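Colleague: Each chain, written out:
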Amino acid sequence: MVPTQYYLILSAILFGLGAVAFVVKRNIITIFMSIELMLNAVNLAFVAFSQAQGKLDGQVFVLFVIVVAAAEAAVGLGIIILTARNRRSLNIERVDLLKL
Amino acid sequence: MNAVTTFLTQDGGFWVLTLVKIALLLFIVLTVNAYLTWFERKVVALMQSRVGPHRVGPHGLLQPAADGLKFLFKEDVMPGGVDKFVYLLAPFLALTLALASLAVIPFGPNPLPFKFFGHQIDLWITNPDIGLLVLFSVTALGVYGVALAGWASNSKYPLLGGLRSSAQMISYELSMTMSVVGVLLMANSFSLTKIISLQESSKWGLLSWNIFTFHGGCPQIVGFLCFFISAIAETNRVPFDLPEAESELVAGFHTEYSSFKFAMFFIAEYTSMITVSSLCAILFFGGWNSPFPTPWTFTHYIPSLILIPFGLWVIFDGIKYETIFGKLILPGLGTAIAGLGALLLAGIVIAPLHEVNEYIQGPFWLLSKIFFFLFFYVWARGTLPRFRYDQLMNIGWKLLLPVSIANVIITAGFVLFRSAP
Amino acid sequence: MSPALIVFFVLAGLSVIGALSLILQKHPIHSALSLIVVMVSLAGLYLLLGAEFVAAVQIIVYGGAIMVLFVFVIMLLNASAEEHTNFSKLAKFGGLPLALALTGLLAAAMIHNGGAVPNNPTPDALASTTGISMMLFSTFVYPFELTSFLILVAIIGALVLAQREKKT
Numbered sequence: 001m002v003p004t005q006y007y008l009i010l011s012a013i014l015f016g017l018g019a020v021a022f023v024v025k026r027n028i029i030t031i032f033m034s035i036e037l038m039l040n041a042v043n044l045a046f047v048a049f050s051q052a053q054g055k056l057d058g059q060v061f062v063l064f065v066i067v068v069a070a071a072e073a074a075v076g077l078g079i080i081i082l083t084a085r086n087r088r089s090l091n092i093e094r095v096d097l098l099k100l
Numbered sequence: 001m002n003a004v005t006t007f008l009t010q011d012g013g014f015w016v017l018t019l020v021k022i023a024l025l026l027f028i029v030l031t032v033n034a035y036l037t038w039f040e041r042k043v044v045a046l047m048q049s050r051v052g053p054h055r056v057g058p059h060g061l062l063q064p065a066a067d068g069l070k071f072l073f074k075e076d077v078m079p080g081g082v083d084k085f086v087y088l089l090a091p092f093l094a095l096t097l098a099l100a101s102l103a104v105i106p107f108g109p110n111p112l113p114f115k116f117f118g119h120q121i122d123l124w125i126t127n128p129d130i131g132l133l134v135l136f137s138v139t140a141l142g143v144y145g146v147a148l149a150g151w152a153s154n155s156k157y158p159l160l161g162g163l164r165s166s167a168q169m170i171s172y173e174l175s176m177t178m179s180v181v182g183v184l185l186m187a188n189s190f191s192l193t194k195i196i197s198l199q200e201s202s203k204w205g206l207l208s209w210n211i212f213t214f215h216g217g218c219p220q221i222v223g224f225l226c227f228f229i230s231a232i233a234e235t236n237r238v239p240f241d242l243p244e245a246e247s248e249l250v251a252g253f254h255t256e257y258s259s260f261k262f263a264m265f266f267i268a269e270y271t272s273m274i275t276v277s278s279l280c281a282i283l284f285f286g287g288w289n290s291p292f293p294t295p296w297t298f299t300h301y302i303p304s305l306i307l308i309p310f311g312l313w314v315i316f317d318g319i320k321y322e323t324i325f326g327k328l329i330l331p332g333l334g335t336a337i338a339g340l341g342a343l344l345l346a347g348i349v350i351a352p353l354h355e356v357n358e359y360i361q362g363p364f365w366l367l368s369k370i371f372f373f374l375f376f377y378v379w380a381r382g383t384l385p386r387f388r389y390d391q392l393m394n395i396g397w398k399l400l401l402p403v404s405i406a407n408v409i410i411t412a413g414f415v416l417f418r419s420a421p
Numbered sequence: 001m002s003p004a005l006i007v008f009f010v011l012a013g014l015s016v017i018g019a020l021s022l023i024l025q026k027h028p029i030h031s032a033l034s035l036i037v038v039m040v041s042l043a044g045l046y047l048l049l050g051a052e053f054v055a056a057v058q059i060i061v062y063g064g065a066i067m068v069l070f071v072f073v074i075m076l077l078n079a080s081a082e083e084h085t086n087f088s089k090l091a092k093f094g095g096l097p098l099a100l101a102l103t104g105l106l107a108a109a110m111i112h113n114g115g116a117v118p119n120n121p122t123p124d125a126l127a128s129t130t131g132i133s134m135m136l137f138s139t140f141v142y143p144f145e146l147t148s149f150l151i152l153v154a155i156i157g158a159l160v161l162a163q164r165e166k167k168t
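Chains as they are written, first to last, in the working numbering: chain H, 1 to 100; chain X, 1 to 421; chain E, 1 to 168.
No lab work stands behind these hints: they were computed from the structure.
Computed from a prediction, not measured in an experiment: that's the story for all the values here.
Think of the CB as a built atom: it goes at the ideal place given N, C-alpha and C, for glycine as much as any other residue.
Treat the hints loosely; a few may be bogus.
[To be verified] Below, computed lysine-lysine pairings styled on DSSO-like, alpha-carbon distance capped at 27 Å:
| hint | chain 1 | residue 1 | chain 2 | residue 2 |
| --- | --- | --- | --- | --- |
| 1 | X | K42 | E | K26 |
| 2 | X | K84 | X | K156 |
| 3 | X | K203 | E | K26 |
| 4 | X | K70 | X | K42 |
| 5 | X | K74 | X | K194 |
| 6 | X | K398 | X | K42 |
[Unchecked claim] Residues on chain E that point at chain X, a partial pick, calculated with CB under 8 Å:
| hint | residue |
| --- | --- |
| 7 | I29 |
| 8 | E52 |
| 9 | A56 |
| 10 | I60 |
| 11 | A65 |
| 12 | V68 |
| 13 | V71 |
| 14 | M75 |
| 15 | T129 |
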């Protein structure tokens with residue numbers, strides 16, 4: 001039986017790595033992927049708590065998080081495609097002005 | 001010796017047994033794949049009024065061996081400018097996922113009558129409660145093999161083929177999953193053995209299969225048709241094989257692959273054909289249940305009634321065969337087949353053989369249903385022209401998806417109606 | 001060292017390696033593949049936690065749909081390896097300790113407050129799938145219907161974004 005604390009530490013590590021990737025990377029798509037990594041870390045914490053409590057609420061919430069992440073990925077990637085076509089680059093440092 | 005025995009009677013024995021089952025299943029499936037390619041070439045050729053593989057071994061039966069040797073010895077060309085890691089990963093991923101989906105397919109209802117150091121030997125590798133979802137997860141991940149192969153080849157035809165093929169696969173995945181929901185509503189479980197056992201009936205036989213039954217739901221004819229058509233599109237077979245057709249895109253996403261890596265894609269495609277055929281048989285056609293009602297015990301001798309004439313025909317064909325090799329091998333093969341049939345028929349008088357005959361009923365019916373669906377796949381290949389890409393996407397999104405959703409709603413209505421007190 | 005603990009460490013190590021590889025790889029397609037590794041190992045961890053339905057949904061939706069979308073976009077936009085940028089020295093030398101501090105703070109907060117959660121590992125009488133479906137349609141029916149609306153909005157949004165510009 002693995003103690004719940006181990007899962008929580010892993011979740012914190014993954015969240016920290018996702019936050020570092022969000023700040024450090026320069027490619028828009030990689031930054032978007034780091035957001036997904038952070039969402040996954042949070043999902044792990046939810047499921048770990050759900051098992052510790054013996055109730056299924058955490059798992060239902062994880063389903064909702066997955067659905068919201070899917071909707072966000074769809075729209076976000078659409079915006080990324082349009083931005084990349086307009087600026088002709090995927091580097092986030094080129095997208096730092098409101099004007100084209 | 002004693003330490004080994006204690007190890008095997010406890011948990012270690014379970015792992016050893018599973019590894020042995022996996023090795024055996026892999027060996028059997030790879031051989032079946034090889035002879036499936038022979039079967040396809042022969043049947044398509046006969047449908048096109050030609051002969052098919054004919055030279056290598058009697059009736060071309062050694063053709064798969066020759067093809068295998070060719071794949072092993074061909075020069076392995078890696079084009080320049082490819083991303084090496086992804087280029088090597090793609091066929092490996094496709095093959096691993098295709099073979100992994102065979103782990104949850106049950107081949108028979110009863111465990112073997114002898115035990116392995118106290119562990120029961122079932123006729124499946126694993127039987128999880130979410131068996132069907134495991135199959136769908138593996139199918140969902142299978143898109144990567146194609147997409148990454150197309151991208152890694154660093155060339156425009158594979159890239160287009162890979163993009164088109166993966167778009168087709170994810171579109172048809174939706175209707176494939178939705179068309180199965182009707183069966184799940186009737187069975188109330190994802191476990192494949194439970195779905196099969198709910199289609200079993202001692203009185204009705206054929207009519208209690210999911211595709212025909214009114215017991216607990218409505219006949220899943222529409223569901224079956226949606227599932228089978230979506231599955232053909234999912235496995236990239238004719239008539240949905242535009243992304244890998246030779247006259248269209250050179251060879252689609254596997255253009256730049258040679259020798260063994262191409263063979264891996266090939267094996268992955270045929271293995272997913274086998275998986276889809278077994279899913280059709282399990283979900284809609286009763287799995288290992290015989291089409292005859294249980295009181296008709298004389299139908300238990302149908303396997304021997306098929307094997308004996310077939311064996312005799314092979315013997316007669318072998319005696320008249322042109323080459324000496326065929327004159328030796330074919331009668332031997334025929335004798336083995338007829339002998340097996342005779343042994344099973346002798347179960348009428350000899351008691352242990354009767355047990356064996358009863359035991360193989362389940363696997364025999366499941367394997368013959370799988371064989372029928374594989375024949376249907378090959379038949380479609382020999383007969384139908386292929387769809388244009390926009391027609392293909394139209395069918396997936398505008399025809400099959402609404403129809404499968406309507407099937408879910410109607411089945412849910414029937415289930416509710418029949419379970420109302 | 002029970003088998004469950006060994007499996008946990010293998011899967012946890014795999015997910016951390018995948019997350020590190022997401023940061024350290026230069027080409028976005030390699031980062032995408034590392035993220036897929038993270039997701040599959042997390043699905044394995046969910047199975048270890050007894051959440052089988054969530055594990056299957058994670059692989060089918062996250063690994064089989066969302067990441068496929070990412071891979072498609074990377075292939076369509078023909079993304080190439082990242083250019084070399086000049087970080088500021090502050091970011092390089094101050095960033096790593098701050099990231100470790102963030103992780104440590106999160107871990108400490110979750111463990112400290114997580115201890116207040118009643119530790120009742122005996123599972124409910126219902127299996128994972130049955131229990132989740134009953135809760136989705138009774139307690140959580142309002143968020144469930146709202147998520148269907150959300151998906152509809154996302155589909156319409158993606159369609160609008162993907163339209164070609166009308167040449168007037």
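Colleague: Now tell me if each hint is right for this structure.
Modeller: Here is what the structure says about each hint:
For a cut-off of 27 Å, the pair hint linking X/K42 to E/K26 is broken: about 49 Å separates their Cα positions. Pair hint X/K84 plus X/K156 holds up; C-alpha atoms about 17 Å apart against a cutoff of 27 Å. A C-alpha spacing of about 65 Å is found between X/K203 and E/K26, which places the hinted pair above 27 Å, so the restraint is violated. Restraint check for X/K70 and X/K42: the C-alpha separation of about 19 Å stays at or below 27 Å, so the hint holds.
About 46 Å separates the Cα atoms of X/K74 and X/K194, which puts this hinted pair outside 27 Å; it is violated. A C-alpha spacing of about 36 Å is found between X/K398 and X/K42, which places the hinted pair above 27 Å, so the restraint is violated. With a least beta-carbon distance of about 7 Å to chain X, the hint placing E/I29 at the interface is held under the 8 Å criterion. This hint holds: E/E52 has a C-beta 5 Å from the nearest C-beta of chain X, less than the 8 Å allowed.
Annotation: E/A56 was flagged as interfacial toward chain X, and the flag holds, the nearest CB pair being 4 Å apart, inside 8 Å. Against a cut-off of 8 Å between C-beta atoms, the interface hint on E/I60 holds, since the closest Cβ of chain X lies about 5 Å away. The interface hint given for E/A65 is met, as the beta carbon of that residue sits about 7 Å from the closest beta carbon of chain X, less than 8 Å. Annotation: interface hint on E/V68 holds; nearest CB of chain X at approximately 5 Å, less than 8 Å.
Interface hint at E/V71: satisfied, since its Cβ lies 6 Å from the closest Cβ of chain X, which is below the 8 Å cut-off. The restraint placing E/M75 at the interface with chain X holds, with a minimum CB-CB distance near 5 Å, inside the 8 Å limit. The interface hint given for E/T129 holds, since its Cβ lies 7 Å from the closest Cβ of chain X, which is under the 8 Å cut-off.
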